[in-house]
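K.L.:
Generate the whole structure from the sequences, applying the supplied hints.
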Amino acid sequence: MLEVENLHKRYGDVVALDGCSFQVKQGQLLGFLGPNGSGKTTTMRTVFSLVRPDEGAVRWNGNPIGATTRLRFGYMPEQRGLYPRMKVVSQLVYFGRLHGMSKTEATTAAGQWLERLGLDDRAGSRLEQLSHGNQQRIQLAAALIHDPELLILDEPFSGLDPIGVEDMIAVLVERTERGAAVVFSSHQLDLVEDLCEDVVIIAAGKVVLSGPIRELRARSSHRYLEIEVATRRSDLAGAFPGYEVVTSNNGRVRLRVDDNTPLEPLIRTAAELGRVRQFSYAPPNLSEVFREVVAQ
Amino acid sequence: MNTWRSILLVAGRDFRERVSSRAFQMSTAITLLFVVGWIVVPAIFFDDEPEAWRIGVVGQEPAGLTTAVETAAGHQATVETVAYDSRADAETAIEDGEVEVAIDSSGTILVDNGISDQMQAAVITGLATIEIADRADELGIEVTEIAELFTGGYEVQSVAPPGAADSESNRVFAFFVTVILFMSIVTYGSWILIGVIEEKTNRVVEVVLGTLRPHHLLAGKVIGIGVLGIAQILLIGVVAMILLPLQDAFDVPSAAGSVLAWAFVWYLLGFAFYAVAYAAAGSLVSRQEEAQNAAFPLTMMLMAAYFVATFSITGENPVLMIASLLPMFAPMTMPLRIAGADAKAWELALSLLLMVISIYGLVRFAGRVYAGGLLQGAGRVKWKEAFRASETEK
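Chain order of the listed sequences is A and B. Using the working numbering, the first residue of the first sequence is number 715, and each one after it goes up by one. Using the working numbering, the first residue of the second sequence is number 88, and each one after it goes up by one.
Worth flagging that the hints you see were computed from the coordinates, not collected in a lab. Honestly, I wouldn't trust all of these hints.
One side of the interface only, derived from the structure: several residues of chain A facing chain B at Cβ under 8 Å [claimed, not checked]:
| hint | residue |
| --- | --- |
| 1 | Met800 |
| 2 | Phe871 |
| 3 | Ala996 |
| 4 | Val1007 |
Over 10 Å on every C-beta distance to chain B, these chain A residues come out as not near it, computed from the model [said to hold, decoys possible]:
| hint | residue |
| --- | --- |
| 5 | Glu769 |
| 6 | Ala823 |
| 7 | Glu869 |
| 8 | Ala944 |
| 9 | Arg968 |
| 10 | Glu978 |
Glycine residues also receive a C-beta, built at the ideal position from the N, C-alpha and C atoms.
P.N.:
Quick look at the structure:
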C-alpha cells in the first residue's frame, strides 16, 4: 500500500503542497484529479524522490521508500521522454535494466511487450521513426517493463487517439487485476468515472475530496434533473422559473436542485409544456462533483 | 541498485549509442583520412632523395673535392663535377644552368644569384677542408690529429644525471600531450554538454532519475563519453604511429618512461575535471542554443591554461609554477614541469592532492547542480539556484 501523508512543499512564495494525504492499495486503480497547478505532479515526483517535501512522508507497505524499493515502481511522467535516436528494443532493455532487471530478463520482457503492442517488427527501428501513437505505446511499455508493484502515470491519456485510449485502459485494468497499485491523473473526467471506483481530488495542494465515486456523488447536497419534452418551444430555459438551469437546448433542460427539493411541481410543469419524453433525477456526475468541490 | 552497476549501465548506453551513431563514425573516418593524408601525401610528393649538385671545375680539380663537399653538405646532396677548359666556358655553363657553381683553380668560386646559401657554404667548407688537410700534411700532422686541433685536445663530458639530458625532448613531448588534452577536452567536453542537454530536452531524465542518483547519471555519462574519446584518440594515435616512419623528416617526440606515465595520469585527471564541469554546465540550460553560453567560463579557463603552457614551453617560470598547483590549470602545466625536471616532489604531491579533492568535490557539487538543474523547466538556471533547488541529493 502506498501512503502519502501530510505532504507540504513550498517553492519560494508558492505553496505547491499544503498537507496532501491519501492511500492506494494493491489491486486498486485510483484517479488522482485536480485543476492545473493543484500539486498533482509535485505529489507524484515526491514518490520518486525527485522532490523532497518540506514536511510529511511517503511510505510503501509501512516503510519509507528507499532506492531499492523505488526500482519496483513504474513512472510515466506528464512530459513524455525517451531517447529519440535509440532503437526501440534497446530502449526498453535499458529501462528494464535501470529498474534492476538482468540483461536476459529485460530482453525477454522487451520482446513480450513489443509482441503484445503489435510492434515486434519495429524492434530495430529508432524511436523517432515511429508514429506519435506508437511512441506513446513504447513509453508505456518502458514504464511497465519491470512489472512494477506501484504504477504512477501523469496524464496517461493526453494526446492519445480513441484507439490509444482503449489500449491504455486495457493495460491499466490488467495491471490492477494482477495486483498492482495504480495511480493516474487525468482531466478527462468521464473516462475516469467509467474506469475507476475511487478518486482523490486535490486543489491548492490539499485533498478536498476522496473516496468511491458512487459515494462522493451521493454525498453531494445537489441533484440534477434532466427533462425532455416534445414541444415546439425549443428553449426551455425560462419554462422553470425559480430553478437553476445548467444547460438548455432542443427541448431538453438540465436543472440543478437541492437534494430535498420536492419533484411533483416540476413534473406538473413539464407535463403542461407537452408530452414528457424523459424525466431523470440523479446525483451529480464526477465532472459536476469536481466543479462543485474545486470552486469552493 | 548498487552504485557501480548504475554508473556502468549509463556509461554503457552512452558509449554504445555514440559508437553506433553515423555522426561519430563519420567524424572518426574524416579525422583518420586527414591524419593519413597529412602523413602520406608529403611522403609521396616531397621525397627526401639527396639533391644532385653539379659543380664546374676550371683547371686542375682539387683531389677529393666530391667527397669533401658531400661531407660538408651533411650528405644531403650528391656531387658531380664537370670540367671546363676556360673560365668563360664555366660562366656560360652557369648562365645556361648546366652547373650551379664553378671552381676556378686560380682561386675564384663562380656563382650566380640562384645559388642556395647551403650549397655555397658546402662548397667553401669542402674546399677549406681539402686545403687544411694539404697544409697539415705539409707540416707533418696526421689527418687524425686534425680533429684534435679543432677542440684543443679537450673532450666535452656531461655531469647531468642520465635522463635529464633529454629534458628538451621531454618538454616537447609533454607539450604535445597538452595539445592533445586541450583538443580532446574541447571536443568531448562539448559532446558531454550536448548529451546532457539532449537528455533534458527529451525529458527522459525524469524517468531515469526515478531509478538512480543524479551523480550516478553524471559519472556514467562522463565515463561513457570519456572512454569513447580516449578510444578514438588511441585509434588515431596508433594509425599515426604506424604511418609516421614513412615521413623521415618528422621526429616522433620521444620521452622517458616516467614522463610518459605522468603525462597519461594528468591527461586522465584533466579530462575528468573538465568533463564533470561540462556536465554540470549542461544541466543548467535547456536548449542547445544556450550550450555555448553555459560552457563559456570553462572555455575561458581552458584557454588560459593552454596559453600558460604555450608560453612556458621553453622552461620554468613563476606563472607556470603557480598554475601547476591549481586544479583547473595543473593538467596542462604540471606535465611540462615534470618533463623539465623542474617540479619538486612536494609540489607534485600538493598538486595531485588538490586535483583529486577538487574532482571529488566537483562531482558532488555538479551532482547537486545537475539534480537541481535537470528538473527545472525552460530557460537558463543559475548555478546557485540549481544548487539550492536540488532535491534528491542528501
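K.L.:
Could you run down the list of hints and mark each one as holding or not?
P.N.:
Structure-based check of each hint:
| no. | hint | result |
| --- | --- | --- |
| 1 | Met800 | holds, 6 Å |
| 2 | Phe871 | violated, 18 Å |
| 3 | Ala996 | violated, 41 Å |
| 4 | Val1007 | violated, 29 Å |
| 5 | Glu769 | holds, 14 Å |
| 6 | Ala823 | holds, 15 Å |
| 7 | Glu869 | holds, 13 Å |
| 8 | Ala944 | holds, 54 Å |
| 9 | Arg968 | holds, 40 Å |
| 10 | Glu978 | holds, 57 Å |
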